[in-house]
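Work out the full structure: start from the sequences and follow the hints.
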Amino acid sequence: MNSIYAFVVGPLAWIAWGVFIFGSLYKVVSMYQLAKAKDGSSLHYMSFKYGMRSILHWLNPVGTLGWQSNPYTALVTFVFHLCLVIVPLFLMGHVVLWDQFFGITWPTLPDTIADIMSIVFVACCVYFGLRRFLQRDVRFLTTGKDWIALAIPALTFLFGVLAYHQIGNDKVMLVLHILCGEIMLISIPFSRLSHMLFGFFTRAYMGSEFGGVRHSKDW
Amino acid sequence: MLKRVFTIAAVAACVFLYMIPAFCQDEISFLKDPAFVHPTRPAAVFAHDEHNEKAGIEDCAACHHVWEDGKLVEGESSEDEKCSSCHQIKPESGKTGLRNAYHKLCSNCHIEEDKGPVTCAGCHPNGGAAPSGH
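Line by line, the protein sequences give chains A and B.
The opening position of the first sequence corresponds to residue 5 in this note's numbering, with each subsequent residue numbered one higher.
The opening position of the second sequence corresponds to residue 439 in this note's numbering, with each subsequent residue numbered one higher.
The hints are simulated quantities; they were obtained by calculation from the structure and are not laboratory data.
Check each hint, because a few of them may be wrong.
Claimed, not checked - Calculated pairs, DSS-like style, for lysine-lysine (alpha carbon to alpha carbon, straight line, at most 30 Å):
#1 Lys520/B - Lys509/B
#2 Lys42/A - Lys53/A
#3 Lys221/A - Lys40/A
#4 Lys175/A - Lys470/B
#5 Lys221/A - Lys53/A
#6 Lys553/B - Lys175/A
#7 Lys520/B - Lys533/B
#8 Lys509/B - Lys542/B
#9 Lys553/B - Lys520/B
#10 Lys492/B - Lys175/A
#11 Lys509/B - Lys553/B
#12 Lys175/A - Lys542/B
Encoded structure:
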């Protein structure tokens, strides 16, 4: 079992990070070239001012009609993404590994806070799952790809929480946690998770069109 | 009479002297390094003698090593020193910090031998030693 652990934190981690970084670069560049070839005028109208205006409004959880009309989903969305970014970056167990492999460290969250945020994250995933299942309009729009995009981070955090609370075999839980995390990295460029790369760009595009062409708000 | 008392006293003294090490050195069961003033996890479980017997380690220098100028010194060991006398909590750049020293020494060997714990919980289980120095 130790050799499996060594494999997932060693070679597989390099592969996952490599696919994530180079896959993301490839996606961004190829998407830009596609836009240039097929829709040059939209690139012409891209505006930093209107793009940022739209992004900033949508970064406010009560700043748009869309968020206001779905307050619970808005709240869960913001909490979900904050936990998703903050916990992995500042978890002590992760920083310890960066220290061990590369000799670099940075400040960490107290374990209790990270633990609460992780459990809240899993609860947010359950909310999203129920919403996809129970709310008719969302259910109508949901495909298998959406379930995959939800399941990958949900399982990653769930196994992380189980490993931290020492529920189940510690090595099995940790290896599953790391494996899911690596699947997440690999799938960012090639799945619905690519909104990490394109989300802000899409917002900026909408803002540019609404601001610079239609002269109206998009929030 | 005096001779008898002297003999008994001498025997008692010998027994007492013999037992001093037993009082001084408790069997090591946790790696509770007092250099960690505010440890976040419970001290790592480590039964020194049992571990070495199981792992077949007879050379103290396998863990209690000596490094000089970035090289391992063969044939020298450092079991009379604290890990923290070389490995600082906040190391100078290029040197191995105390936390890293423990983590690397244990987990690298456990991976090489494919035996023993490698996860956080494997060494720092809940309900292990209290998360504080001596």
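Status of the hints after comparison with the structure:
1. Lys520/B - Lys509/B: holds (19 Å)
2. Lys42/A - Lys53/A: holds (24 Å)
3. Lys221/A - Lys40/A: holds (26 Å)
4. Lys175/A - Lys470/B: holds (23 Å)
5. Lys221/A - Lys53/A: holds (13 Å)
6. Lys553/B - Lys175/A: It holds: about 12 Å lies between the C-alpha atoms, which stays within 30 Å.
7. Lys520/B - Lys533/B: holds (16 Å)
8. Lys509/B - Lys542/B: It holds: about 16 Å lies between the C-alpha atoms, which stays within 30 Å.
9. Lys553/B - Lys520/B: holds (26 Å)
10. Lys492/B - Lys175/A: With a Cα-Cα distance of about 21 Å, the restraint between lysine 492/B and lysine 175/A holds, given a limit of 30 Å.
11. Lys509/B - Lys553/B: holds (27 Å)
12. Lys175/A - Lys542/B: Since the Cα atoms of lysine 175/A and lysine 542/B sit roughly 17 Å apart, the hinted pair holds (cutoff 30 Å).
Violation of the numbered hints given earlier is absent; every hint is satisfied by the structure.
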